[in-house]
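Chemist: Chain by chain, the residues:
Number of protein chains: 2
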Amino acid sequence: MNGAQALMQTLTDAGIEVCFTNPGTSEMHFVAALDDQPRMRAVLCLFEGVATGAADGYARMADKPAATLLHLGCGLGNGLANLHNARKGKVPVLNIVGDHATYHAPLDAQLQSDIETVARNVSPGFVRTATQTGTLAQDAVDALQVARGRPGQVATLILPADVSWSDGGQAVAPPPAPVAPVCDDTTLESLVALLQSGARVAFLLGGQALREAALVSAARIAAHSGAKLFSEVFPTRLTRGAGVPAVERMAYLAELASVQLRGFEHLVLVDAKAPVSFFAYPGKKSELVPPGCQVHTLCSPEQDAAASLTRLAQALGVDALTPPRSPALRPSRPRGRKLTAEKVCKAIGHLLPENAIVVDEAITSGLMLPKFTAGAPRHDLLTLTGGAIGQALPNAIGAAIACPNRPVLALVGDGSAMYTIQALWTMAREGLNVVTVIFNNAAYSVLNVELSRVGAQEAGPKAKAQLDLSAPGLNFTALAQGMGVPATRVQSPEGFVQALERTLSTPGPHLIEALVPPSLSGLKLKLLPTVLESLEGLPAPVARFLKRKLAP
Amino acid sequence: MNGAQALMQTLTDAGIEVCFTNPGTSEMHFVAALDDQPRMRAVLCLFEGVATGAADGYARMADKPAATLLHLGCGLGNGLANLHNARKGKVPVLNIVGDHATYHAPLDAQLQSDIETVARNVSPGFVRTATQTGTLAQDAVDALQVARGRPGQVATLILPADVSWSDGGQAVAPPPAPVAPVCDDTTLESLVALLQSGARVAFLLGGQALREAALVSAARIAAHSGAKLFSEVFPTRLTRGAGVPAVERMAYLAELASVQLRGFEHLVLVDAKAPVSFFAYPGKKSELVPPGCQVHTLCSPEQDAAASLTRLAQALGVDALTPPRSPALRPSRPRGRKLTAEKVCKAIGHLLPENAIVVDEAITSGLMLPKFTAGAPRHDLLTLTGGAIGQALPNAIGAAIACPNRPVLALVGDGSAMYTIQALWTMAREGLNVVTVIFNNAAYSVLNVELSRVGAQEAGPKAKAQLDLSAPGLNFTALAQGMGVPATRVQSPEGFVQALERTLSTPGPHLIEALVPPSLSGLKLKLLPTVLESLEGLPAPVARFLKRKLAP
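Residue numbers (our numbering), protein chains in the order written: chain A, 12 to 563; chain B, 12 to 563.
Bound-form chain A, shown alone (with noise of 0.2 Å):
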């Protein structure tokens, strides 16, 4: 068999059985090889941004790795941002990246470049370039057991095209499961001695130890000491909704944030870093954690989050406890003429279908979407992990593909859908059950209010003109019908709710573009920073309610 014979059976012994593609020349026998393999799925992405994020959110809900298929260092760049994504969300990803024949590289033809330097810049722990027909499957078992180690990795394997098409390949046997240990004795006592203690302590829970059984180990430990349990700002998987113990998601805005968290004595990590702003903004700390907050951690990434947790739990002896659970709770059904951003959230909340997958890149337009979906029936929340935007449409392929019996769907601001909007075709081609919401309200919103943040208010026409989308305005249905996925815009809460009670009830993809204000406009978006910076001398109940109004 040649290189990519043994390459894809290598893979499919492994238990990858998806690849996300876009190939060129280059990859051909790889291609040409996929009919080798019944067990390999391969999804074709008309844009390698589509491929990479799809890889993304198949990893989050399968649990394993799928592999991306791309043509050379631009094919990778091309893939870069949603790899980002990727790698800050500590999620599993195989790269293929297809290169000229090994005695063709020197020869700096149109495509060559240095695709190990790019590779580097996502995949720190995997690059390699393979050399020999003869050891490429072992080069590809190596650069799995990276991805699919703790914490989860993107792994680059760079393939010459001789490599591909030369005889003599060996498949290799499935390596083992990678098992990630648990945190040590002397760690899970002073923490035991810590939340004894009576001091106040929250916790910071991400990755891994954001799933359901961590969740009730966390909720367990909190109920018994009073602990304070907060998530990570932007979740690779956060299992949420009714029957599922709460979590408080970090603000994204550190001046929230940092209320959040005043009054904390103590902050234990778990598969999370100590918090740190989004930006940096003239005058303001990165830094999140009060001064004077001790912090601790009970596991790093490279440990097992939900294991630890378990650990502990048995520690201080609560293990058996009932543990408290978010209570079924929908928001009614939006009223009144005039659709906002929050009525499209409280529709979400309302009509939420069990087991539901919910990709989050609405950006200011999601800020509701926390509160109105707390009690809804339980489903996963995939977030924007490491900021790069264009992240939600390739997600919610990758979930709907690990996930083919599960609802998905997918909530993108205008801005951020533009990024990557070629993967609607993907949805259709593949027939995949995602709703998109599009949250048209014709600009970079969170850049207007950003230029405050960032001290820059006395903004300009040409540069009020750089975060403005209205001119000419997106039609996010026209896009959709152009890609073959049918597509409504609505302007109405009622004309919401019936397209989303009617998309989620008719197989394969559907789009529903919702026309609302910005979340954050006017009065509102002139007066925050100044609200913001006066949330910390105010009154407690008085910051409490601002920040009920103003933070997700």
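Any given hint could turn out to be false.
Because identical chains cannot be distinguished in the list, a pair is counted as satisfied if it fits within a single copy or across any two copies.
Cut-off 16 Å, straight-line C-alpha distance, at most; resulting in silico cross-link-like pairs (EDC-like, lysine to aspartate or glutamate) [what the hints assert, rightly or not]: (1) K284 - E298; (2) K473 - E28; (3) K473 - E441; (4) K284 - E313.
The hints are simulated quantities; they were obtained by calculation from the structure and are not laboratory data.
Keep in mind it's a predicted model, so treat the numbers as computed, not measured.
Dock chain B against chain A, hints included.
Modeler: Same frame as chain A, now just chain B:
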């Protein structure tokens, strides 16, 4: 003034007056500074690949760089493919990549990544992270001097947010225009001797040697010496058409390029590299220079190609010779019921307006374009210099902004168009005179050819599905309308001619979606490898005939 203001003034003083942008929070001070400089035009793009491809197209036509404004490593990653095309085309581009504040970077926030590493892929000549507000403008001038040197380069200046927002910025006076040396006397003497020896000589012209002045000198030399003039396969900018000396482009298919070069004893490179095949193929040579053919260099990309050609013409005493120029000759109006890619190309030759800029990324559908436009009115042709598809629509934006009074025609395959389809929105927003023609053949047609050429003929249904774009079919008319560009779908030769006539005479952007069958389909496709392989052994007239039928 702050760093961003000093930077803005320095750039505009140096003649950099266009910036293609896709900003985020870390770029907000640069955005705010736009209103301080009326000379700086900021062109918003919805995806970074559009911004970088527009900067490429702009510089090809303006002969000076534009700036790009990109958001951290992920923004640069999204822009990488079209920067690759610029790098390979020796096109000057100045990237300004915003970064976290210097003190924020070590905190590894969500968007933190190693930007310099990514940048080195496309900016080997200049990557620098600014560290001080006071020296930022000098950093920009240093970057600019590398970018607009000879050869043109992509230079990347990474701009941390605090370096941008801090006070203490100082503008720097515009640097002197770089001057490139001409070829030396020894080279000149040996080439004069060669050209007077009666040997069979071909010139391979690339880069700056494909502008009219250089072509006139080359044509004088050729007319005098009997040398043959070739252009590199993917010219950065080739001036051609009626009244311009003709040059034969090297073929994309190595098999055809070998036929073109057969029998030449000497190949003289002028701002070009010795030709190699685009990809490697099993059992075939990648170098295209025939055995025994000696390669010479008149001037390297570091030297002034036009001046070097003039010197050579002077040394031969032919610098006053009237060179042969292409006669004016348009094809007739295409007829018949069925629209084909060939008929679209014919219609373009029939109607091409005076002084047009043609951006060609039509891949297989454009095979007949060179033939049908050889005698059309004088025009500039921009092509896919680096092979990274998704170049034409962004290039067209840049060309139209550099040359607002020239009609721009972007010819794009359906597969290629989808990589940077967001470009249509910027065309509408800026009201650019661009007519986009999409060859919609519902396939990655070139890959059907390549699949056979790499020896993977026995492709099964899964492999073939990877090259198929028909399920669902893309509707580019809907996509264009979704982004504010008026569009027409045509399926007859007469329909296409009418649409082209109308759109060329109506200001603003338009899109024509031509529904065509694959150019190399069915029997033709099946026979192609065999035909190409036998070309070498065929009698010259037959080979010439087949070459004309199959090649650009």
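Chemist: So, for every hint listed, does it hold in this structure?
Modeler: Comparing the hints with the structure gives:
1. K284 - E298: Within. Shortest intra-copy distance 11 Å satisfies the 16 Å Cα cut-off; inter-copy 52 Å does not.
2. K473 - E28: between (49 Å within a copy, 14 Å between copies)
3. K473 - E441: between (42 Å within a copy, 13 Å between copies)
4. K284 - E313: within (12 Å within a copy, 49 Å between copies)
Of the hints listed earlier, there is not a single one the structure fails to meet.
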